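S.K.: The task is simple: from the sequences and hints, build the whole structure.
Note that the numbering used here has the sequence shown beginning at 1, numbered continuously upward.
The set of hints was computed from the structure by calculation and includes no laboratory data.
Only a predicted model underlies this, so the values are computations on that prediction, with no experimental measurement involved.
None of the hints are false.
Calculated pairs, DMTMM-like style, for lysine to aspartate or glutamate (alpha carbon to alpha carbon, straight line, at most 25 Å):
| no. | residue 1 | residue 2 |
| --- | --- | --- |
| 1 | Lys596 | Asp539 |
| 2 | Lys488 | Asp592 |
| 3 | Lys545 | Asp524 |
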Amino acid sequence: MNGPRVGILRANLRVRNGPILAMMNAAALPMRFRHQSAARSLTLKTRLTIGASLLTLILAVLAISHRVAESQPTARALVVLQATTPGTAQTGHVNVSGTIRAGNYFGSGANLTGLNASSIGTGTLSDARLSSNVGLLNNTQGWIGRNNFSHPSNIFVGDGTGLANVNANLLDGLDSTAFLQSVPNPLFLSGAQPGSFVIRGVNTDAGASAMGVLGESPGIGVRGIASGSSGIGVQGTATAASGVVNGVFGQANSTSGRGVNGHATASSGVTYGVIGQTESTSGRGIYGFANADSGTTYAGFFDSDSSSGYGVFATCAGSYGIFGQSTLTTGLAYGGYFQGSSPDGYAGYFTGPGVGIRVTSTGHDAVSATTSATGRAGVFGSNTATSDTTFGGYFATNSPDGVAGHFTGGPGVGLNAVSTGNYGIFATTSDPDRAGIYARNIANSGNAIGGSFVSNSPTGYGVVGTCDVSQLAFGVYAVGDFGASGVKTFRIDHPTDPLNKYLLHYSTESPFPQNFYVGNVVTDAGGRAWVDLPDYFADINTNFKYQLTVIDSSDDFIVAKVSREIEGNRFQIRTSKGNVKVSWRVDADRDDLRIKASRPSDVREKSESERGELQHPEFYGMPRKERPVPPG
1 MNGPRVGILR
11 ANLRVRNGPI
21 LAMMNAAALP
31 MRFRHQSAAR
41 SLTLKTRLTI
51 GASLLTLILA
61 VLAISHRVAE
71 SQPTARALVV
81 LQATTPGTAQ
91 TGHVNVSGTI
101 RAGNYFGSGA
111 NLTGLNASSI
121 GTGTLSDARL
131 SSNVGLLNNT
141 QGWIGRNNFS
151 HPSNIFVGDG
161 TGLANVNANL
171 LDGLDSTAFL
181 QSVPNPLFLS
191 GAQPGSFVIR
201 GVNTDAGASA
211 MGVLGESPGI
221 GVRGIASGSS
231 GIGVQGTATA
241 ASGVVNGVFG
251 QANSTSGRGV
261 NGHATASSGV
271 TYGVIGQTES
281 TSGRGIYGFA
291 NADSGTTYAG
301 FFDSDSSSGY
311 GVFATCAGSY
321 GIFGQSTLTT
331 GLAYGGYFQG
341 SSPDGYAGYF
351 TGPGVGIRVT
361 STGHDAVSAT
371 TSATGRAGVF
381 GSNTATSDTT
391 FGGYFATNSP
401 DGVAGHFTGG
411 PGVGLNAVST
421 GNYGIFATTS
431 DPDRAGIYAR
441 NIANSGNAIG
451 GSFVSNSPTG
461 YGVVGTCDVS
471 QLAFGVYAVG
481 DFGASGVKTF
491 RIDHPTDPLN
501 KYLLHYSTES
511 PFPQNFYVGN
521 VVTDAGGRAW
531 VDLPDYFADI
541 NTNFKYQLTV
551 IDSSDDFIVA
561 KVSREIEGNR
571 FQIRTSKGNV
581 KVSWRVDADR
591 DDLRIKASRP
601 SDVREKSESE
611 RGELQHPEFY
621 GMPRKERPVP
631 PG
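M.R.: Take a look at the structure:
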């Protein structure tokens, strides 16, 4: 700050003992107060003009000196005027009780006291003349001393890099983290900021490892608490429009740690430990990833302690409530793995108005189910509907050589079907050359049975085959030999009481397969007649036997004989009288390719599994042995 400028009135005052130089401030004593900060500069300038007063004082002194000089001509003058300004400097003192007037006053003014500052119009006042309540500036315009800024109009502009030792408790409306040199521990900040925040950490570094907020503790690194009824304890948002970004990323290095742990402690209501949401058309609400290359790892692990709760509950407005996929291309891998601990529970339970479970595979079994429990099923299907056509299990295949359902029992039953009110097995096919049910026993020895059907009813049927007789089809057809332990019958509705009775006819048996052919013929006038047999007769028959019976009502005794045996699929009959009716029968042993390939015998040894067993022990006075019934 520049020193005070003063106007100087110089006068040579001569007294009897020598010249006295009196220097008086006469012109102007400017005083300037400048109050400057980063936001406001206050300049106070006052100026007190005392020229008129000083001039009056000087004239009075001159008059007194003149009168003294006249009364005392031998004494030296107290004041000596000089023709030029500033003139010659004089040494001495002036004590004036009146008014001194001057145009200018020069000097330091160090001894001026009792000045009326309200009369100072211009100029700069030194710091020594300022009150202790006035803010002071140093040579770099920095504040020294204690200064208070309480006026609401004060404005501070700048980045604040020069601020030091700032008390963060007094900051209001500023980003206090830019000025904090140390903080209280614990630090507690509170305030009402609707739609905003109380603390915000911004890291402008573009690096992937830059952090806006870092919380570190042996206990809880960062904890968010929301006390509102719809609040969010911790919310993470990644605003980048591309790239692999994380709204919230949790990491745990412990061998039993948790990267992210969500805990909803409410004992009622629809609460969520963790909720993930995505708006992307190909997004993932929650994505779990296990990086370990070995061990029993879980990309997602869910546990419910409630006896009626759900380990995982998923809903979807689209195609899949839950989608599981294993990318392992070799070995034993599971797209989804479900396990239940209760002996009466379910490892997986699926319900819905549509398909309960739909499984597809492009390279292996669509469904593979096993169980080690006794009395239980590897696959159990049940339909509880009480009407309409329902299915406990439904299997289909599109391959012409495929199998809709394949059942392997190992040492046990391959397929066991039980029904209490309808068909045990109901099978249909639309293939004109295939069977509705095809059963095959691939054993190469023993009493192997391709299909075994048992009825416990005394009037029941082990097997019933139905066909349209108008199409000459077979109700039952055996490719190979046909055997029966009982009689062989045909049964029709009784012709005289078809609504209440059946009529049964029984077949005859022979120790060797036989064919017979019958008919009637009338001899000519010479007593001869040719009998024509089917054109295939000679191809399937041998060892012919003939029977002839004459039919005649006269008293004549007529003899009939075979005059020529079968040749060219015909034979001749001759009677002792002409024009006679003869009934004939030809029996022959079968001689087709089946018989030639394996000539049947009337006695056959029982197999090892059959020995000691009777087909009908009750006929021998022994109790009947029940066939083993499959479990279920």
